[in-house]
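Going down the list, the sequences are from chains U, S and C.
Here our numbering is used: the first residue of the first sequence is 1, the next is one more, and so on.
Here our numbering is used: the first residue of the second sequence is 1, the next is one more, and so on.
Here our numbering is used: the first residue of the third sequence is 1, the next is one more, and so on.
These are computed hints drawn from the structure, not numbers from a lab.
Warning: the hint list may mix true and false statements.
[Claimed, not checked] Now the stretches of chain S that chain U is said to cover, found in silico as 3 or more residues with beta-carbon under 8 angstroms:
| no. | stretch |
| --- | --- |
| 1 | 8-16 |
| 2 | 19-28 |
| 3 | 49-55 |
| 4 | 114-120 |
[Unchecked claim] In silico DSS-like links for lysine-lysine, alpha-carbon gap of 27 angstroms or less:
| no. | chain 1 | residue 1 | chain 2 | residue 2 |
| --- | --- | --- | --- | --- |
| 5 | S | 30 | C | 30 |
| 6 | U | 30 | C | 30 |
| 7 | U | 30 | S | 30 |
From the three backbone atoms N, C-alpha and C, an ideal C-beta is built for every residue, glycine too.
What follows is the residue order along each chain.
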Amino acid sequence: MDTELIQFHTGSETEAVDITGEVAGFVAGKGDGIVQVFCPHATAGVALIETGAGSDADLLDIIDHVLPPDFAYRHRHGSPGHGADHVLPAFIAPSITIPVIDGRMQLGTWQSVVFVDPNRDNPNRTIRLSFLRA
Amino acid sequence: MDTELIQFHTGSETEAVDITGEVAGFVAGKGDGIVQVFCPHATAGVALIETGAGSDADLLDIIDHVLPPDFAYRHRHGSPGHGADHVLPAFIAPSITIPVIDGRMQLGTWQSVVFVDPNRDNPNRTIRLSFLRA
Amino acid sequence: MDTELIQFHTGSETEAVDITGEVAGFVAGKGDGIVQVFCPHATAGVALIETGAGSDADLLDIIDHVLPPDFAYRHRHGSPGHGADHVLPAFIAPSITIPVIDGRMQLGTWQSVVFVDPNRDNPNRTIRLSFLRA
Numbered sequence: 001m002d003t004e005l006i007q008f009h010t011g012s013e014t015e016a017v018d019i020t021g022e023v024a025g026f027v028a029g030k031g032d033g034i035v036q037v038f039c040p041h042a043t044a045g046v047a048l049i050e051t052g053a054g055s056d057a058d059l060l061d062i063i064d065h066v067l068p069p070d071f072a073y074r075h076r077h078g079s080p081g082h083g084a085d086h087v088l089p090a091f092i093a094p095s096i097t098i099p100v101i102d103g104r105m106q107l108g109t110w111q112s113v114v115f116v117d118p119n120r121d122n123p124n125r126t127i128r129l130s131f132l133r134a
Numbered sequence: 001m002d003t004e005l006i007q008f009h010t011g012s013e014t015e016a017v018d019i020t021g022e023v024a025g026f027v028a029g030k031g032d033g034i035v036q037v038f039c040p041h042a043t044a045g046v047a048l049i050e051t052g053a054g055s056d057a058d059l060l061d062i063i064d065h066v067l068p069p070d071f072a073y074r075h076r077h078g079s080p081g082h083g084a085d086h087v088l089p090a091f092i093a094p095s096i097t098i099p100v101i102d103g104r105m106q107l108g109t110w111q112s113v114v115f116v117d118p119n120r121d122n123p124n125r126t127i128r129l130s131f132l133r134a
Numbered sequence: 001m002d003t004e005l006i007q008f009h010t011g012s013e014t015e016a017v018d019i020t021g022e023v024a025g026f027v028a029g030k031g032d033g034i035v036q037v038f039c040p041h042a043t044a045g046v047a048l049i050e051t052g053a054g055s056d057a058d059l060l061d062i063i064d065h066v067l068p069p070d071f072a073y074r075h076r077h078g079s080p081g082h083g084a085d086h087v088l089p090a091f092i093a094p095s096i097t098i099p100v101i102d103g104r105m106q107l108g109t110w111q112s113v114v115f116v117d118p119n120r121d122n123p124n125r126t127i128r129l130s131f132l133r134a
């Protein structure tokens, strides 16, 4: 399979990292098919949202509203709120597929591929990109 | 790739549009594989839920509960609550794959493919359907 | 298509059932590609989360927080809270794809495949596993 691990570094705060460029680079020249963006972490997800107009920061805020850090989680090791990080991937899944035509993702004008990482304790992150040719 | 854009019109209210028939028509006669339903919009998602028994309307109501329109969003252009529309695709993703055998989606009895569109400001909507043969 | 239905039994309580072993068994020996885990039910989802350290139980609790059983659902047949079960698949989708290399899922260390079943009224459950070779 045409597949690749991409390593990157996130900071000590919760982050929504735009990885559209990395995925676009991976599919360039590969023809038609689907690209799967897969995150092999138990405390992160992948989303397709607009970036650069406030919604990426809004997403981090609303995550804290939807999955409150101070909820009575059983899973409690690490930083405060780490229990919430561990249920996040059920709601923002770590796997998404995007159509590709002639080596270009068929995203809408305002869609970006975003790595959603609420976890402050692990700044070393990986994404696996895989291409299935049609 | 066997792929097609389907255009449709949503109204001026939030909507959960059943597009099962459109997807079924697209895969008919195509054999075995998976169909990817992809929405190239930054304010909509795709869900597999029961329709016609209240749950489609329930979904629109619970979206307003989970992602409150009056939350302090940074992204504020357009109608009230538009900030919420922009975080929705992180929770209800705009991409889903469904297994297809002998040209028929292998949905459960009560599953329908639903285009979830909270955005009142853009009634012109598109779905991209793509088929990957097994 | 290389596809298979797996039947299993869930109990009379809400459950997060670890099905990693079943999926691993299905892809073993199949080479490179993606496996699609698809749930043909309107009241269940599939998630990739850590199990065995509390987060699976946390997930069931937080689902009741995010999608309250006592919300004013139109869909009301069955057990109390069944209306919530029917909107769950919009947030925890019943379909996910996982990369496979040399017959092994490329999950992260802490990721398990979990069948999320809040429905107490239907203990007979099915998952469809499908493999797309790269």
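| Which of the listed hints are broken here? | 1, 2, 3, 4
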